[in-house]
Each structure stands twice: as structure tokens, then as C-alpha cells.
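Q: Listed below are the residues making up each chain.
Protein chains: 2
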Amino acid sequence: MAKIKKINHVAIVVRDIEESLRFWRDQLGLKLDHVEDVPSQASMVAFIPVGEGEIELVQPTDMDTGLGKYLEKRGEGMHHLCIEVDDIDGMLDDLKAKGVQLIDEVARDLPGRRMAFIHPRAANGVLVELYEIVE
Amino acid sequence: MAKIKKINHVAIVVRDIEESLRFWRDQLGLKLDHVEDVPSQASMVAFIPVGEGEIELVQPTDMDTGLGKYLEKRGEGMHHLCIEVDDIDGMLDDLKAKGVQLIDEVARDLPGRRMAFIHPRAANGVLVELYEIVE
Chain W
1 MAKIKKINHV AIVVRDIEES LRFWRDQLGL KLDHVEDVPS QASMVAFIPV
51 GEGEIELVQP TDMDTGLGKY LEKRGEGMHH LCIEVDDIDG MLDDLKAKGV
101 QLIDEVARDL PGRRMAFIHP RAANGVLVEL YEIVE
Chain V
1 MAKIKKINHV AIVVRDIEES LRFWRDQLGL KLDHVEDVPS QASMVAFIPV
51 GEGEIELVQP TDMDTGLGKY LEKRGEGMHH LCIEVDDIDG MLDDLKAKGV
101 QLIDEVARDL PGRRMAFIHP RAANGVLVEL YEIVE
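These protein sequence lines map, in sequence, to chains W and V. Take the first sequence: its position 57, counted from the start at 1, is 57 in UniProt numbering, and no numbers get skipped. Take the second sequence: its position 115, counted from the start at 1, is 115 in UniProt numbering, and no numbers get skipped.
No lab work stands behind these hints, which were simulated from the structure alone. Heads up, a few of these hints could be off.
For identical chains, the list gives no copy identity; a pair is met inside one copy or between any two copies.
Calculated pairs, BS3-like style, for lysine-lysine (alpha carbon to alpha carbon, straight line, at most 30 Å) [what the hints assert, rightly or not]: (1) K6 - K31; (2) K5 - K31; (3) K5 - K73; (4) K69 - K3; (5) K5 - K96.
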């Protein structure tokens with residue numbers, strides 16, 4: 001069975017990354033690693049390491065996407081919780097066998113990682129992202 | 001200046017811990033450390049280690065509290081993000097000097113830890129808890 005390694009990140013949806021960094025970086029004192037444009041997800045992401053994990057500030061760049069609509073409807077706040085596993089295919093097979101409702105039945109390949117979302121209905125309203133880091 | 005150590009936990013507010021464990025423990029495969037009655041916060045808490053941090057499932061035991069009302073209004077989901085620091089008094093002094101809106105101006109003493117909440121208005125809608133572990 002796939003092994004769960006750690007909380008990879010907590011993603012926070014924000015209206016404006018630059019403004020948000022006033023709190024997380026300038027006031028709280030965390031270090032910004034970098035800000036990345038992620039056009040495939042219509043967002044800008046600020047990566048902020050905390051211990052073995054990260055806080056990610058995610059700013060939608062298109063308000064017609066799922067994330068943009070989420071922000072309009074619910075406002076800023078925590079958006080998803082990402083858990084890193086050593087074998088995402090094994091994990092997805094196992095969850096499917098257990099009848100867990102998934103958003104992604106098959107992992108999506110992104111540079112450096114493979115990922116899939118579990119449906120919040122299966123997880124107490126939490127959008128859970130699974131990550132496997134690949135070399 | 002106080003040092004930030006790690007994400008100590010992500011708290012998820014749930015209606016029923018036993019039912020919630022079906023996902024987090026039985027389906028996802030995390031290990032439950034223990035469930036604790038926390039009468040001072042009118043809640044039951046399930047502690048679930050993940051890497052160097054934890055997921056905490058928090059079930060209000062009194063729906064007239066802030067947490068109970070939050071659950072009624074917003075439903076289940078992520079409730080707060082706890083960041084562990086090495087010097088909570090120093091951190092609170094620093095945040096106050098920077099004009100950050102706090103819920104607790106002074107740390108509360110609990111067994112094994114000292115804690116304070118930052119107001120979600122200061123932190124992109126995220127209720128941020130600060131923790132200092134004490135021996």
C-alpha cells in the first residue's frame with residue numbers, strides 16, 4: 001500500500017499575491033521561495049517553505065475557472081490540503097477499490113510531480129490533493 | 001525574532017469524529033494517534049500524525065460555541081492552520097508592533113503548549129494559530 005510521507009503544502013486562495021505577502025512574508029516572517037506563473041491552472045503561485053512543507057498562495061488569473069469562481073463565492077482562505085505519497089497510482093487504485101469519490105481517477109503529470117484530487121465530499125469538505133514527487 | 005519551525009497541524013472541523021475516521025484512517029490509511037476530550041474548547045479532537053505535523057479532526061461538543069456556529073454556518077472543512085514557533089511571546093510582540101490584528105494579544109497556557117490566534121482578517125481569511133511547545 002502507498003505510504004503517506006508528509007503534508008506537502010496547504011494552499012490558500014488569495015486575490016493578490018503581492019498584497020498577501022505583506023502578511024505571510026513581511027509580518028509573519030516566512031521566506032518567499034519564488035512566485036510561479038502556472039498557466040495550465042490559470043493561476044500565479046507563491047511558494048513559501050515552512051519546515052518540511054510549504055504554504056502556497058494561489059491567485060487565480062482567470063475568474064472563469066473553478067478556482068476563480070471559488071474565490072468569488074467563498075472569499076479568500078484555505079483552498080486545499082496536499083498530502084505527499086510515495087506511489088500515487090497505488091494510492092488511487094486503493095481509494096477506488098474502497099469506493100472513495102475522486103476528482104481525478106488517473107494522476108495528472110506535471111513537471112516534477114504527479115497529482116490527483118480527491119473529492120471534498122469524500123473528505124469532510126476538504127479538497128485533498130495527492131502528490132508524488134518524481135525526479 | 002521568533003523562529004518559525006513547521007506547520008504543527010491543520011485542523012478540520014467535522015460533525016462526527018468516528019464517521020470522519022472512515023476516510024482519514026480507513027480509506028486514506030493514516031494512523032490515528034488518539035482522540036482527546038478538550039472540554040476547555042468544547043470539542044473532541046482526533047490527532048492524526050502526518051510527517052512532522054498532524055491533521056486534527058475537531059468535533060464541537062457544544063453547538064453554541066464559536067466552533068459549533070462555524071460548523072453550522074460553513075459546514076465541514078479546514079478550520080485553522082497552526083504554525084509552531086520557538087518563542088510565542090516574541091512573535092506576538094513583533095506582530096503587535098507591526099499592527100497585525102490578533103485574537104489573542106497574550107498567549108494562552110495549555111498543557112504542553114502555549115497558543116494564540118491571529119485574526120483571519122489579517123491573514124487572507126485563514127485563522128492562523130501560533131503554537132509554542134513547552135516541556
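Q: Looking back at the numbered hints, which does the structure fail to meet, lowest number first?
A: Violated hints: 3 and 4; rest satisfied.
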